[in-house]
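We have chain C already, so just place chain H on it with the hints.
Listed below, chain by chain, are the residues.
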Amino acid sequence: MECQYLDDVYELFLLGLLKPKESAPVKEHVERGCPYCMDHLREAAQSVYFLLSGSKSHTPPHQLKAEILRSLHRK
Amino acid sequence: MAQEPTVRQLLAGITQHDESALGHLYDMESPGLYGLITEIVSDGKAAQEILKEVFIGLWRDAKRIEAREGSVRVWLVLEARARAVDWQRSKEGLRATAHSRVQWLTKSDSWTPRPADIEWVDKRRHLLEKLVRRLPKPQSELLTLAIMKGFTETEIARQVEQPPGRVEHELRAGLRFLRHRLRAVMGTWSANI
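Chains C and H, in that order, give the protein sequences.
Quick note, the first sequence lines up with residues 252 to 326 if you use my numbering.
Quick note, the second sequence lines up with residues 4 to 196 if you use my numbering.
The following block holds chain C by itself, in its conformation from the complex (with noise of 0.2 angstroms):
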């Protein structure tokens, strides 16, 4: 498979940190669509999705759902 030697760098492309010469075929194959790729980036996606969303859950300042949407108004 012509794609297979990037298999173990979706996941670093997803959270931007390969170098650019590793990042480069990756963009390339997503920009034209390469069925492979898309596949294997949307399975790394379920893997950082399980990562990042692991953390302990944190309710926020009350008063700042109410700045957002007033900040809406301005966008």
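Keep in mind that a hint or two might mislead.
To be verified - Listed next, with one range per pair, are the computed distances between beta-carbon atoms:
hint, chain 1, residue 1, chain 2, residue 2, range
1, H, S23, C, Y256, 40 to 50 angstroms
2, H, D46, C, H313, 15 to 25 angstroms
3, H, K66, C, Y256, 29 to 39 angstroms
4, C, D258, H, E7, 33 to 43 angstroms
5, H, E164, C, H324, 47 to 57 angstroms
As the list claims (entries may be wrong) - Derived pair list, reagent style BS3-like, types lysine-lysine, alpha-carbon separation capped at 30 angstroms:
hint, chain 1, residue 1, chain 2, residue 2
6, H, K110, H, K152
7, C, K316, H, K152
8, H, K55, C, K316
9, H, K152, H, K133
10, H, K140, H, K152
11, H, K48, H, K94
12, C, K307, H, K140
13, H, K140, H, K94
14, C, K278, H, K110
15, H, K133, C, K307
16, C, K316, H, K126
17, H, K94, C, K278
18, C, K278, H, K152
To be verified - A short, non-exhaustive set of chain H residues, derived as facing chain C with CB atoms under 7 angstroms:
hint, residue
19, E22
20, Y29
21, Y37
22, G38
23, L39
24, Q51
25, F58
26, W62
27, V77
28, R84
29, A101
30, P116
31, V124
32, A149
33, R182
These aren't lab readings, by the way, just hints derived from the structure by calculation.
Beta carbons are placed, not taken as given, at the ideal position from N, Cα and C, and that holds for glycine.
Just chain H, lined up with the frame of chain C:
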């Protein structure tokens, strides 16, 4: 009794500039996102500002995110992590490029997992966590430095005083370990776990 709207329905509302949909999604997702941001960023005020930017970004990019039919939750955690990592790295005088990757991904074609796959990850989280605890400690520490600190392999090598090649090998082995366990748990691959 009325059913709670799904994340997908709320996103559809946001694309129509329904502020109550954004507010509802904020109530659902902000504690998890704020937990992630405060794990990365040491400054409470900055963490609030980052969370605010995440939801304003969602408001702005909702149509683009909805069109791909991928999971909104994945976009939210990637966006929150990237903004937090960039803030922390800028403070430490390091290059901050994580958010530009997420912006690029937001404009790209369908790479996001389907919401059903992410629900499945959430349902099997307990089992996955149990499996990931078997990850060798050095690999687990490298993963934390990469994911929560946004350190590149070269920066990690400097930090842990190891050759860059070794760090690269260990970090990628850790991600491979996780990927294989995820495949087994998701039922897309059978492995001896």
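Quick rundown of the hints versus the structure:
1. H:S23 / C:Y256: 40 to 50 angstroms: holds (48 angstroms)
2. H:D46 / C:H313: 15 to 25 angstroms: The hint (15 to 25 angstroms, Cβ to Cβ) holds, given that D46 (chain H) and H313 (chain C) are roughly 19 angstroms apart.
3. H:K66 / C:Y256: 29 to 39 angstroms: holds (36 angstroms)
4. C:D258 / H:E7: 33 to 43 angstroms: Given a distance of about 38 angstroms, which is inside 33 to 43 angstroms, the answer is holds.
5. H:E164 / C:H324: 47 to 57 angstroms: Once the Cβ atoms are compared, 51 angstroms apart, the range 47 to 57 angstroms for H324 (chain C) and E164 (chain H) holds.
6. H:K110 / H:K152: holds (25 angstroms)
7. C:K316 / H:K152: With a Cα-Cα distance of about 27 angstroms, the restraint between K316 (chain C) and K152 (chain H) holds, given a limit of 30 angstroms.
8. H:K55 / C:K316: holds (8 angstroms)
9. H:K152 / H:K133: Between K152 (chain H) and K133 (chain H) the Cα gap is close to 23 angstroms, so the pair holds against 30 angstroms.
10. H:K140 / H:K152: holds (17 angstroms)
11. H:K48 / H:K94: holds (14 angstroms)
12. C:K307 / H:K140: Since the Cα atoms of K307 (chain C) and K140 (chain H) sit roughly 20 angstroms apart, the hinted pair holds (cutoff 30 angstroms).
13. H:K140 / H:K94: holds (28 angstroms)
14. C:K278 / H:K110: holds (12 angstroms)
15. H:K133 / C:K307: Given that 30 angstroms is the threshold and the Cα spacing comes to 16 angstroms, the pair holds.
16. C:K316 / H:K126: holds (28 angstroms)
17. H:K94 / C:K278: Judged against 30 angstroms, a Cα distance of about 28 angstroms means the pair holds.
18. C:K278 / H:K152: holds (23 angstroms)
19. E22: holds (6 angstroms)
20. Y29: Constraint on Y29 (chain H) satisfied, holds at 5 angstroms.
21. Y37: holds (4 angstroms)
22. G38: This hint holds: G38 (chain H) lies near chain C, its Cβ roughly 4 angstroms from the closest one there, short of 7 angstroms.
23. L39: holds (4 angstroms)
24. Q51: Because about 6 angstroms separates Q51 (chain H) from the closest Cβ in chain C, which is inside the 7 angstroms limit, the hint holds.
25. F58: For F58 (chain H), the interface hint holds, since the closest Cβ of chain C sits about 5 angstroms away, which is under 7 angstroms.
26. W62: holds (6 angstroms)
27. V77: holds (5 angstroms)
28. R84: holds (5 angstroms)
29. A101: Hint holds; A101 (chain H) Cβ to chain C Cβ min 4 angstroms, cut 7 angstroms.
30. P116: OK, holds: P116 (chain H) within 7 angstroms of chain C, min 5 angstroms.
31. V124: This interface hint holds because 5 angstroms falls under the 7 angstroms limit.
32. A149: holds (6 angstroms)
33. R182: Since chain C brings a Cβ to about 6 angstroms from R182 (chain H), closer than 7 angstroms, the hint holds.
Of the numbered hints given earlier, the model fails none.
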